[in-house]
Amino acid sequence: MEQELISKKELLDVTGISYGQLYRWKRKDLIPEEWFIRKSTFTGQETFFPREKILTRIEQIKQLKDDLSLDELARRFSPDPAEIALSGEEMVRKGIVSEQSWRVYQLEHPNVAVCSFQETVFASVVHRALASGDVGLDEARSALRALEQSITVFSDLRVRIVCVRKLGVSVWVVQAADGQLVVDPDAKLVFEADVSECIEELKLKLM
Amino acid sequence: MMGSSMTSGGIFGHVNVMGEAVTTGPMECQSLRVMGVFQTHADVQVGFANIMGQMDVEGQMRGNRVRVMGELTVRGDCEVEQFVSRGTFVIDGLLNAGNIDVRLYGPCRVREIGCGTLRVEQKKPFFGRAGRAEHVLTADVIEGDDVVLAYTRARIVRGDKIRIGPACDIDIVEYRTDCTCHPRSRVASCEQRGL
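Residue numbers (this note's numbering), protein chains in the order written: chain A, 265 to 471; chain B, 6 to 200.
Some clues are possibly wrong.
[What the hints assert, rightly or not] Lysine-lysine pairs mimicking PhoX-like chemistry, simulated, CA-CA at most 20 Å apart:
| no. | chain 1 | residue 1 | chain 2 | residue 2 |
| --- | --- | --- | --- | --- |
| 1 | A | Lys467 | A | Lys430 |
| 2 | A | Lys273 | B | Lys166 |
| 3 | B | Lys166 | A | Lys272 |
| 4 | A | Lys469 | A | Lys430 |
| 5 | A | Lys273 | A | Lys303 |
| 6 | A | Lys326 | A | Lys272 |
Rather than coming from a laboratory, the hints here were simulated on the basis of the structure. As the structure is a computational prediction, the values presented were derived from the model and not from experiment.
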């Protein structure tokens, strides 16, 4: 997956932050290690960042840092689970899931009334898939199953979920976030979502 | 830990190494004092570390305050709030700290430094014995807001305010507001950029 990169120098010019701030935020885990991409250029090794991600993150930090401590910010940005329990109605009210997607979730888990953090994340991924308009109801259900299967394999939620469709048959793939994926040229990549991004969004909605 | 010992890591309050110690797993502690030789084969997280002997970290080192009076070697990155050195250190990754204060008592080497303030000085003469020529700090890239260097060899130095003291050898200096250069230093190119 090619993404547009931004060099460290350019980043500082664009955002107006200093080296000290950038490195302090890195130390506090506000900027994940994986975003520091080292590449060789004609002036030697330089550090690059994924452009979109780092720019939105720095905007968020700049906005929030006056109200919250850096540690609190770090907790908000990290994909580690928060301790929450939400009922279906609450999730709908907070805009985490739509009523439709909550019904899909309930089809799979008829007895669930209150969701843990992980279940909330999965529900929000299902919601995202449905909201994209490219995924059908049954497919969204199998996405949920795929995600729930995957937690036995991956230790944390730094994963990506992808839906591939060929000749009308769809398959869900859950992969490590930095993993590469190549699909058959006849097949179509219908939907993809970064679970850690969903978590970030979710946490912003919650707090 | 006294004498020769080995641990698989874990979470501790206060760790005192007098003798020889090896850890095989990740370790976390509030304070660490090394008087002998301490080898860690995994990541270390410390509140305050005082290294008077020798410490080798195979993984990453993170913490609040690190004070090196002896020798420190880190294979990965070293991320601390305050880094004070009165000895020598080798860091193969990034040294990321809020404040770095280095007095050169021997050759120091870092691949990359990223910091708020950085201060490098030659050691104070003791009975007229000044520091020797090989007591220099070598780094590939140094980036910081407020950088004061002496006896430093670097490829690139970038920052807001940069002061280059004696006996430095730097290829490129890029500064934002202010840069002064000692006449006994070599700086190949010095340019102001980006305000």
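Earlier hints that do not hold, by number: Those not satisfied are hints 1, 4.
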